[in-house]
Amino acid sequence: MIDSCACWLLVDEKEFTVLTPVILAGGSGSRLWPLSRKLRPKQFLALNGAQTMLQQTLARLSGLVYGPPLIICNEEHRFLVAEQLRQADQLGASILLEPVGRNTAPAIALAAMMACDENGEDPLLLVLSADHLIEDVARFQAAVENAIPLAEQGYLVTFGVVPTRAETGYGYIQRGEGLLQGEKVKRFAEKPDADTAATYVASGEYYWNSGMFLFRASRYLEELAQHEPGIVQACQAAIQGLNKDFGFLRVDADAFEMSPNVSIDYAIMEKTDRAAVVPLEASWSDIGSWSSLWEVSEQDSQGNCRHGDVLTVETQRTLIRAESRLVATVGVEDLMIVETKDAVLVAHRDKAQLVKQVVERLEREGRPEYENHREVYRPWGKYDCMGKGSRYQVKCITVAPGAKLSVQMHHHRAEHWVVVSGTAEVTAGDETFLVTENESTYIPIGRVHALKNPGVIPLELIEVQSGSYLGEDDIVRLQDNYGRT
Numbered sequence: 035m036i037d038s039c040a041c042w043l044l045v046d047e048k049e050f051t052v053l054t055p056v057i058l059a060g061g062s063g064s065r066l067w068p069l070s071r072k073l074r075p076k077q078f079l080a081l082n083g084a085q086t087m088l089q090q091t092l093a094r095l096s097g098l099v100y101g102p103p104l105i106i107c108n109e110e111h112r113f114l115v116a117e118q119l120r121q122a123d124q125l126g127a128s129i130l131l132e133p134v135g136r137n138t139a140p141a142i143a144l145a146a147m148m149a150c151d152e153n154g155e156d157p158l159l160l161v162l163s164a165d166h167l168i169e170d171v172a173r174f175q176a177a178v179e180n181a182i183p184l185a186e187q188g189y190l191v192t193f194g195v196v197p198t199r200a201e202t203g204y205g206y207i208q209r210g211e212g213l214l215q216g217e218k219v220k221r222f223a224e225k226p227d228a229d230t231a232a233t234y235v236a237s238g239e240y241y242w243n244s245g246m247f248l249f250r251a252s253r254y255l256e257e258l259a260q261h262e263p264g265i266v267q268a269c270q271a272a273i274q275g276l277n278k279d280f281g282f283l284r285v286d287a288d289a290f291e292m293s294p295n296v297s298i299d300y301a302i303m304e305k306t307d308r309a310a311v312v313p314l315e316a317s318w319s320d321i322g323s324w325s326s327l328w329e330v331s332e333q334d335s336q337g338n339c340r341h342g343d344v345l346t347v348e349t350q351r352t353l354i355r356a357e358s359r360l361v362a363t364v365g366v367e368d369l370m371i372v373e374t375k376d377a378v379l380v381a382h383r384d385k386a387q388l389v390k391q392v393v394e395r396l397e398r399e400g401r402p403e404y405e406n407h408r409e410v411y412r413p414w415g416k417y418d419c420m421g422k423g424s425r426y427q428v429k430c431i432t433v434a435p436g437a438k439l440s441v442q443m444h445h446h447r448a449e450h451w452v453v454v455s456g457t458a459e460v461t462a463g464d465e466t467f468l469v470t471e472n473e474s475t476y477i478p479i480g481r482v483h484a485l486k487n488p489g490v491i492p493l494e495l496i497e498v499q500s501g502s503y504l505g506e507d508d509i510v511r512l513q514d515n516y517g518r519t
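For the sequence shown, the numbering used here begins at 35 and goes up steadily by one.
In case anyone wonders, no lab produced these hints; they're calculated from the structure.
One or more hints might be untrue.
[Unchecked claim] In silico lysine-lysine, DSSO-like type, Cα no more than 30 Å apart, as pairs:
hint: 1; residue 1: Lys278; residue 2: Lys486
hint: 2; residue 1: Lys486; residue 2: Lys416
hint: 3; residue 1: Lys385; residue 2: Lys72
hint: 4; residue 1: Lys438; residue 2: Lys486
hint: 5; residue 1: Lys72; residue 2: Lys278
Using the sequences plus the hints, can you model the full thing?
Encoded structure:
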């Protein structure tokens, strides 16, 4: 549960409001394929530094007075979130799982109800997206502090990014009369065409819509009850079934599925007469495409953004990202070239938004490149499918220290394990034994088995599967530490 409150603290004779951060970590990031995929979308990737975008979102809270964050994510991403919180030393954060996607308004409603129920007070919720880039953290924090008095007065505050160009990929906010450190919202505008965007920017009356908010939990629920009562009813019923499972917070799936699927903008912000906007001028981007990543990334003297093992000759204004091998370019310009272990994207920067069409086609055709990378992360570690044929598959498996795979068996395949580094504790039938570096073992078809890393360093082994069927759905889990049986 959330353990925070909207109390006032006295620190060095100054008053500070304790905020409850609500971080929305859903979304697919399809325009950043092939790096971003369904089971590992952009918010869980390190796109412009050592930290992932989720971890950067948490890091920029440092300096504000805030309680434990609440992360809202999809069921299938729960272990990714938990591991990245552990790496960021954010073990006090709560993770709320959405059983189905119902957009931002219902997700935030769950957060508001949980915060009010648990605290008995009425916290201020700072709602952030996990996939935004904000380079000037000091200005971001100043904007949050400017928004607090407005939220205390009952306004629903959004943050309007001061535009630097006529951008067609963002929605816009037209500002109205002045309010303390911000303005009333006059109207919200959908993503415009190029001419309309140029008119907006030239007028000086419009901000980009950042999709970040600050408001008191009760005010949000009041407005939601007025404009979208169906969301309130569904979320109240879902909260009644709240339970904690393996450290994750789960709501009643059937009840939540009854909620209307609508964003906070459509549900409330475009309808309320208490919407306010605070300007944000902090080098913000939602990294919505490869071209936007090129714009905010460090570039060489030829305007190229390079990541990984890249060699360029007579190349200009091009993003080249190599994940697993050398990528060389000769005589090209204004391209996006992204290489992963199982896919390569080559596109013109002006066509960045069309990458989504590739993803849609992959999904229609049932291609594995839509859903996951060749390297697949699991709660116990990861595996890399290095090669496969009609009756064999070779994987490199990495098991984290102390982690254990499920007790399982297979109907259609046998497995050979060769330990490369570390020590494996293997259970095969009624026998348990250790396999160390340069040793191997064999698991016949149908034998119940388990694999554990009892050591303090990662266990790495090569698994050779052979049999008539090698799909992941041939895993029969009998016992599992991660609730997947």
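Quick rundown of the hints versus the structure:
no.: 1; hint: Lys278 x Lys486; result: holds (26 Å)
no.: 2; hint: Lys486 x Lys416; result: holds (13 Å)
no.: 3; hint: Lys385 x Lys72; result: holds (21 Å)
no.: 4; hint: Lys438 x Lys486; result: holds (4 Å)
no.: 5; hint: Lys72 x Lys278; result: holds (25 Å)
Checked against the numbered hints given earlier, the structure satisfies every one of them.
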